[in-house]
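In UniProt numbering, the protein residues as written are 1 to 370.
No wet-lab data here; the hints were simulated from the structure. If you're wondering where the values come from, they're calculated on a predicted model, not measured in any experiment. There's no promise every hint is true.
Derived SDA-like pairs (lysine to any residue); straight-line CA-CA distance at most 20 Å [as the list claims (entries may be wrong)]:
#  : residue 1 : residue 2
1  : 344       : 289
2  : 156       : 98
3  : 114       : 94
4  : 131       : 177
5  : 131       : 220
6  : 131       : 81
7  : 344       : 286
8  : 131       : 193
9  : 131       : 200
10 : 344       : 361
11 : 344       : 322
12 : 193       : 156
13 : 328       : 259
14 : 131       : 147
15 : 114       : 57
With beta-carbon atoms standing in for the labels, derived distance ranges [stated by the list, open to error]:
#  : residue 1 : residue 2 : range
16 : 366       : 311       : 38 to 44 Å
17 : 52        : 176       : 19 to 25 Å
18 : 137       : 311       : 37 to 43 Å
19 : 49        : 184       : 47 to 53 Å
20 : 110       : 42        : 16 to 22 Å
21 : 356       : 91        : 36 to 42 Å
22 : 73        : 273       : 29 to 35 Å
23 : 356       : 72        : 37 to 43 Å
We put the beta carbon where it would ideally sit given N, CA and C, even for glycine.
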Amino acid sequence: MELVPRSNVPTTPRYVASAVSSIRRRCDERLTTLFTRFTLYHVLGKRFCVVDELRYGHAFQILRVLDVVTETIKIVKVISRSLVDDEVIRDNIEWLRRRRTTEARHAELSEDFKTPFNWYLVFERPGTSLKEVLSRNDMQPLPRRHVRAIAHQIIKAVCWMMHLDICPETIELVSAATVMEWQYRMDGHFAEKVVLQCSRIRLVFYGSAGVRTERTIGTDQYRAPELIFGEFGRRFKGWASKFRTDAFSIGCVFSEMLIGRPLFPPCDGEAFYVVAKAHLFQSTLGDFPADVIHRVSLMHEGVFDSSNNLRGLYSLSSGLRHYLEDAKNIQELVEDDDELDVLKALTMISSTDRSHLSHVLCFSYFTRTE
1 MELVPRSNVP TTPRYVASAV SSIRRRCDER LTTLFTRFTL YHVLGKRFCV
51 VDELRYGHAF QILRVLDVVT ETIKIVKVIS RSLVDDEVIR DNIEWLRRRR
101 TTEARHAELS EDFKTPFNWY LVFERPGTSL KEVLSRNDMQ PLPRRHVRAI
151 AHQIIKAVCW MMHLDICPET IELVSAATVM EWQYRMDGHF AEKVVLQCSR
201 IRLVFYGSAG VRTERTIGTD QYRAPELIFG EFGRRFKGWA SKFRTDAFSI
251 GCVFSEMLIG RPLFPPCDGE AFYVVAKAHL FQSTLGDFPA DVIHRVSLMH
301 EGVFDSSNNL RGLYSLSSGL RHYLEDAKNI QELVEDDDEL DVLKALTMIS
351 STDRSHLSHV LCFSYFTRTE
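Sequences and hints are given; from them, build the entire structure.
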């Protein structure tokens, strides 16, 4: 067999990106045939009727189901036993069953069962989410003490896990009870306001078995840059990190609690998703570091030009271009210095530049007294 001389093998970023994309696509197509997703009205274990699909990955599916015995809604995570080792699933179950402290709560695992093909984890249905609270005009803005308490609990909880989908919808309030509180307004008057009676939370987390660090994981507006740009990031040491990837999502949630709206607009509908996210990151968080530009250029041709400037502005939707014209950076969005220090530490574009979560808890924002 005649071998191609090494010197004749193309090594340009365009060729590398194309080759890696082709290999990954073929692997994903092969894996997909090994895991069949359940659809509406499927019955699992002769008890749980599928009502809705919440999310899925290459080896798992999360479903909202009706328990026909208790007539209650539950959540079931289906994990493919052909794609995920049983030992990994057992470790996940053991971890999920452990008791957690007040500041490390997560979704409650009620039972599990398995078939020759899949393992099923059954969870209690989450209650009121932070997303529901943030959507209520009569509760905005949240009291600063609640923002600090919720951020502290999220960080403490994530120190025990790799979540990869932290957003207001996956943060559950332990109690949704509210009370009326008198608050001082900037015009010099007091006014009644609806506030949470208790700011304790738990993360909606169904274990990490079957979850990969790929671009489809997570929620668009809270997704870390390395998940968007580094779909094949495992080739790069430190590209996706257990704590620093989740840190970015926590920063987005923290910002939303402070300013009353998401840090970034949704981009799922953009034809050029990666380019759209790149422009949003730069307009809000600042210029891209050289190492990130290099990695992105290897994976996605045409995002940056030869001078390392972002390209593709006019390929974006008119709505997003209009948003970018008036976009403010985080220094303009957050005035309090201590709050800004935390936000910047969590949302650096390069994952290696973000502070470790345990270090963030030592910032003056979490230790100061009002």
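Each hint, compared with the structure:
no. : hint                  : verdict
1   : 344 x 289             : holds (15 Å)
2   : 156 x 98              : holds (16 Å)
3   : 114 x 94              : holds (15 Å)
4   : 131 x 177             : holds (15 Å)
5   : 131 x 220             : holds (14 Å)
6   : 131 x 81              : violated (33 Å)
7   : 344 x 286             : holds (10 Å)
8   : 131 x 193             : holds (19 Å)
9   : 131 x 200             : holds (15 Å)
10  : 344 x 361             : holds (14 Å)
11  : 344 x 322             : violated (25 Å)
12  : 193 x 156             : violated (29 Å)
13  : 328 x 259             : holds (12 Å)
14  : 131 x 147             : holds (13 Å)
15  : 114 x 57              : holds (19 Å)
16  : 366 x 311: 38 to 44 Å : holds (40 Å)
17  : 52 x 176: 19 to 25 Å  : holds (22 Å)
18  : 137 x 311: 37 to 43 Å : holds (39 Å)
19  : 49 x 184: 47 to 53 Å  : holds (51 Å)
20  : 110 x 42: 16 to 22 Å  : holds (20 Å)
21  : 356 x 91: 36 to 42 Å  : violated (24 Å)
22  : 73 x 273: 29 to 35 Å  : holds (32 Å)
23  : 356 x 72: 37 to 43 Å  : holds (40 Å)
Hints 6, 11, 12, 21, counting from the list given before, are not met by this structure.
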